[in-house]
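In case you want the letters, here they are:
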Amino acid sequence: MKKRVDKNNIRNFSIIAHIDHGKSTLADRILQATFSVNERDFHDQILDDMDLEQERGITIKSHPVRMNYVKENGGEYELNLIDTPGHVDFSYEVSRSLAACEGALLLIDAAQGVQAQTVANAKLAMQQNLVIIPVINKIDLPAANIEMCYEQLEEILAIPKEEVLLVSAKDGTGVTAVLQAIVELIPPPEKPYGVKGTSALIFDSNYNAYRGVVNYIKVVSGYLRKGHKIRLFSNDIESEIKEVGYFKLGMNASEKLNEGSVGYIIANIKSPGDTKIGDTLTRIDDISSKPLPGFKEIKPMVFSGIYPVDTADYEQLKANMAKLQLNDAAFDYQAESSVALGFGFRCGFLGLLHMEIVQERLRREYNMDIISTYPSVIYYVYLKDGKLEKIDNPINLPDVTKIDRIEEPVIKADILSPNDYIGEVMNLVMTKRGECTSTESVDGNHVMIEAVIPLHEILIDFHDKLKSVTRGYGSLDYESFGYQKADLVKMDILINGESVDAFSSIVHRDMAESRGRQIAERLKEVIPQQMFQVPIQAAVGGKVIARETIKQLRKNVLAKCYGGDVTRKRKLLEKQKAGKKKMKQIGKLNVPQEAFVEVLKTSK
Amino acid sequence: MKDINDIKHLYIHVPFCSKKCDYCAFYSIPTDSESLINLFLKHLEIEIIRKKHLCGNLQSIYFGGGTPTLLTAEKLEKLFLLISENFVIDPKAEISVESNPASLTEKKIKLISSFSNRISLGIQSFNPALRTTLGRNGDPDCIDNIIESLSRNNLTNISADLIYGIPGQTLSDFQKDLTRVLQLPLSHISLYSLTFEEGTEINKKLNCDKKEFEVLAAEMWHTAGNFLNCKGMKRYEVSNYAKCGYECKHNLNTWLGGNYLGLGPTASSYYNEIRFTNPVLYPWLKGKAPEEDIISAYERLIEIFIMGLRTTHPWSVNIKVPGPALMTSDYMNKKLSLDEKKWQKLLNKLNYLKKNNLLYIIRKNNCFLIYSTEKGRLFWDSLALEIMETV
Chain A
1 MKKRVDKNNI RNFSIIAHID HGKSTLADRI LQATFSVNER DFHDQILDDM DLEQERGITI
61 KSHPVRMNYV KENGGEYELN LIDTPGHVDF SYEVSRSLAA CEGALLLIDA AQGVQAQTVA
121 NAKLAMQQNL VIIPVINKID LPAANIEMCY EQLEEILAIP KEEVLLVSAK DGTGVTAVLQ
181 AIVELIPPPE KPYGVKGTSA LIFDSNYNAY RGVVNYIKVV SGYLRKGHKI RLFSNDIESE
241 IKEVGYFKLG MNASEKLNEG SVGYIIANIK SPGDTKIGDT LTRIDDISSK PLPGFKEIKP
301 MVFSGIYPVD TADYEQLKAN MAKLQLNDAA FDYQAESSVA LGFGFRCGFL GLLHMEIVQE
361 RLRREYNMDI ISTYPSVIYY VYLKDGKLEK IDNPINLPDV TKIDRIEEPV IKADILSPND
421 YIGEVMNLVM TKRGECTSTE SVDGNHVMIE AVIPLHEILI DFHDKLKSVT RGYGSLDYES
481 FGYQKADLVK MDILINGESV DAFSSIVHRD MAESRGRQIA ERLKEVIPQQ MFQVPIQAAV
541 GGKVIARETI KQLRKNVLAK CYGGDVTRKR KLLEKQKAGK KKMKQIGKLN VPQEAFVEVL
601 KTSK
Chain B
1 MKDINDIKHL YIHVPFCSKK CDYCAFYSIP TDSESLINLF LKHLEIEIIR KKHLCGNLQS
61 IYFGGGTPTL LTAEKLEKLF LLISENFVID PKAEISVESN PASLTEKKIK LISSFSNRIS
121 LGIQSFNPAL RTTLGRNGDP DCIDNIIESL SRNNLTNISA DLIYGIPGQT LSDFQKDLTR
181 VLQLPLSHIS LYSLTFEEGT EINKKLNCDK KEFEVLAAEM WHTAGNFLNC KGMKRYEVSN
241 YAKCGYECKH NLNTWLGGNY LGLGPTASSY YNEIRFTNPV LYPWLKGKAP EEDIISAYER
301 LIEIFIMGLR TTHPWSVNIK VPGPALMTSD YMNKKLSLDE KKWQKLLNKL NYLKKNNLLY
361 IIRKNNCFLI YSTEKGRLFW DSLALEIMET V
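In order, the protein sequence lines correspond to chains A and B. Heads up, the first sequence is in the numbering used here, so the first residue is 1 and it goes up one at a time. Heads up, the second sequence is in the numbering used here, so the first residue is 1 and it goes up one at a time.
Since the hints were made in silico from the structure, they are not lab data. Just so it is clear, CB atoms sit at the ideal spot from N, CA and C, and this is done for glycine as well.
If you want the ones that stay clear, here's a sample from chain B, every Cβ over 10 Å from chain A, calculated: (1) Leu41; (2) Lys75; (3) Ile158.
In silico lysine to aspartate or glutamate, DMTMM-like type, Cα no more than 25 Å apart, as pairs: (4) A/Lys580 / B/Glu299; (5) B/Lys20 / A/Asp565; (6) A/Lys196 / A/Glu238.
Using the sequences provided together with the hints, build the complete structure.
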């Protein structure tokens with residue numbers, strides 16, 4: 001299709017929703033309705049590239065797609081759907097994707113209603129001055145409660161009932177109305193006031209093994225074509241465009257990307273780290289005076305060690321980490337070593353989900369046997385001599401006598417809960433050392449609780465606990481809220497008298513004992529009995545605060561071992577030998593991998 | 001095929017019993033079907049004719065099962081004839097027959113005494129409640145009459161099997177069993193710690209953590225060692241005790257790496273550096289070939305080495321430098337040779353095990369004498385695993 005669509009007929013939009021509210025399914029229907037994909041290529045959730053995305057039902061990386069839509073009364077439109085990540089870990093990426101749009105479909109599950117992330121995402125979209133088209137999805141569900149949704153939209157987001165579209169993405173009901181609303185209500189892209197020269201927003205990037213770094217951009221002003229010399233605002237890196245194009249299901253090279261268009265550029269930028277999401281790109285021959293607003297450097301919030309089970313796999317793990325980083329600029333790593341685990345890497349992630357995804361990808365896509373350590377945040381440790389040390393690994397915590405105070409990162413959480421569970425939620429916030437700062441009734445049945453909670457407490461199981469105390473109805477969104485002083489201590493775990501650095505963690509003094517007891521109990525269950533008694537201790541500053549003992553194995557011998565038993569026994573021993581190889585040796589004993597997994601869990 | 005005509009130890013598996021005991025994981029079929037037993041004898045004869053050339057002057061014969069004495073006197077006689085007519089048996093050979101005392105009759109005892117010189121009595125326990133737990137049939141008090149009959153027939157090399165570590169069994173229960181069994185004129189005792197094998201009735205019956213029984217079982221193992229030692233019976237293998245000179249030659253040959261030929265369903269053989277395992281009854285009747293377990297020479301050497309450590313017999317390793325280390329057992333005249341590098345690796349591990357009190361290593365002239373400690377035998381599985389890791 002060579003025909004050029006007028007800028008006034010371009011519509012750039014996103015779909016924003018709480019997780020599992022049916023975003024990918026609606027995207028699929030829109031693709032089908034605009035004939036952007038033929039039936040042969042169609043499979044559910046087309047835009048979710050990675051196996052992991054499809055399996056977990058979440059979108060990790062946004063993947064834009066251009067569609068052509070002919071309105072009933074004539075008029076041909078170019079629709080650019082920019083799919084956004086659906087998890088709080090990736091809220092900055094969401095905000096940058098939204099910055100490339102003029103409108104957003106706000107999707108709500110008819111049975112679940114407005115959730116914390118619905119509110120958070122809607123607010124993000126409103127901040128960007130996007131036109132919001134509210135859509136209630138899954139109206140075919142028996143549990144659908146459309147009236148409730150109307151009421152919540154009205155009361156929480158001031159969206160009148162009359163504006164709301166009703167859709168079942170599953171069976172296609174209402175999808176045409178959605179398309180009409182997109183072209184009628186969302187304005188075409190417009191050059192912002194005062195912007196001179198060519199500028200484009202980089203809202204995502206990807207690494208292609210054959211093509212190099214692919215930047216996903218929106219041309220905000222001017223135009224781009226092959227051969228243009230460009231510059232990146234954040235780091236002044238200059239480069240030359242090798243290819244421009246737009247996305248269908250894959251990449252389609254084109255001659256030029258015009259003002260208002262969404263597409264990609266490939267330039268001779270070597271390192272994926274050089275292009276940063278949210279950065280502005282300009283043409284050297286048509287230079288823009290200032291960057292587009294809203295750029296932030298993404299910094300990892302959560303840290304964890306990743307080690308190969310077999311120390312011989314270190315080099316391979318290193319190579320695979322590098323490959324993974326090419327596709328995930330938010331993932332950060334550097335070499336470290338542990339007494340217990342040998343050589344490995346300290347890795348930084350945006351959040352816990354991001355951490356799990358990276359670990360899963362290493363295991364599945366790269367076939368690595370890995371052990372990960374207890375996640376940590378960055379602590380600010382103020383020393384008595386006035387120096388500040390930023391600590392992301394408990395083993396690096398300076399000696400207590402040198403520490404003046406420790407500060408930990410906190411987040412501001414918006415928790416949406418049915419009124420019935422308000423007590424339980426506040427109680428949960430308290431047990432997680434948080435403080436409720438305000439509560440606001442949203443629709444007569446729900447409250448929005450604002451709380452400040454240490455990030456570390458959110459990391460492990462806050463979300464699961466919230467779901468469990470609210471019977472699945474509570475939801476959570478959060479953002480960083482600076483640092484706060486806290487009474488934190490380093491807790492060591494000693495197995496058979498030896499401190500295992502990989503099990504150390506920084507915990508609040510009041511929680512050390514219960515946490516220590518939990519870990520000791522878990523380890524007792526997974527570490528096999530030995531010929532000697534094995535004490536498992538949790539200690540703070542050399543003082544033991546919890547202890548479990550793995551009883552001594554009393555005997556371990558096959559009673560009858562005659563002719564045919566020998567082969568059977570040898571095969572059994574071979575199997576044990578292979579199993580032992582996968583264990584980590586700590587002092588005199590071998591600790592199975594499960595131990596490292598168990599320590600990560602806090603509750604059953 | 002250097003081992004042909006050289007096998008000196010023969011095992012016959014009779015895969016029938018009157019009732020399967022609840023703890024038993026050995027291959028046996030509860031039946032007394034005459035036709036099935038006839039079929040078994042017929043095919044045993046075929047197997048004998050096919051394989052007898054492998055054997056030389058037999059030093060030991062062992063009839064195991066199942067319950068070989070389940071066979072009627074007539075069939076038993078036929079079985080013995082098959083052996084005596086087809087093999088050369090050394091006059092000093094040890095010929096053992098396993099039995100369930102409940103299956104023995106005066107007539108069978110007469111027959112057994114005329115052909116064999118060693119009998120093993122599967123008593124398991126004298127305690128009626130514990131026998132119920134084990135699912136073992138028969139009245140153990142018939143044993144006195146049997147002993148009397150055996151001595152009348154001059155069969156004096158008698159062994160008894162007991163099981164310990166039975167759920168519900170106290171240390172004093174066990175001591176009573178031991179005391180009772182020692183009233184019999186025995187030359188040998190096998191004491192087996194109850195093993196909860198997968199698929200056995202007792203494993204299904206007792207749906208609990210079996211580890212708790214191990215604590216007391218270990219206690220019983222120590223008790224038995226001391227008690228029997230006082231009575232002149234030395235533990236010479238993990239589960240076996242004997243008066244001096246009455247160690248079971250047949251089993252020692254297996255543990256210390258000798259060749260042996262096994263006949264009958266599921267019987268295993270070792271020769272030509274291969275372990276063969278016969279199929280179960282029906283495929284065996286159809287003539288299905290045994291399964292072969294072929295392992296490298298070094299793996300086999302390690303296997304023999306660890307099997308030897310179940311016994312009290314030391315391995316003697318000659319370390320005359322340079323050249324390979326030569327390993328022999330005082331019991332066998334076979335020499336096992338391993339190159340210097342492998343020996344060093346093995347020796348490092350052995351020294352580690354010595355440090356953990358699982359092994360004795362004693363320097364004597366140009367030799368190291370290596371044998372397991374009491375603890376080493378009680379933790380033989382752990383010991384074996386450690387040594388196997390050097391392969």
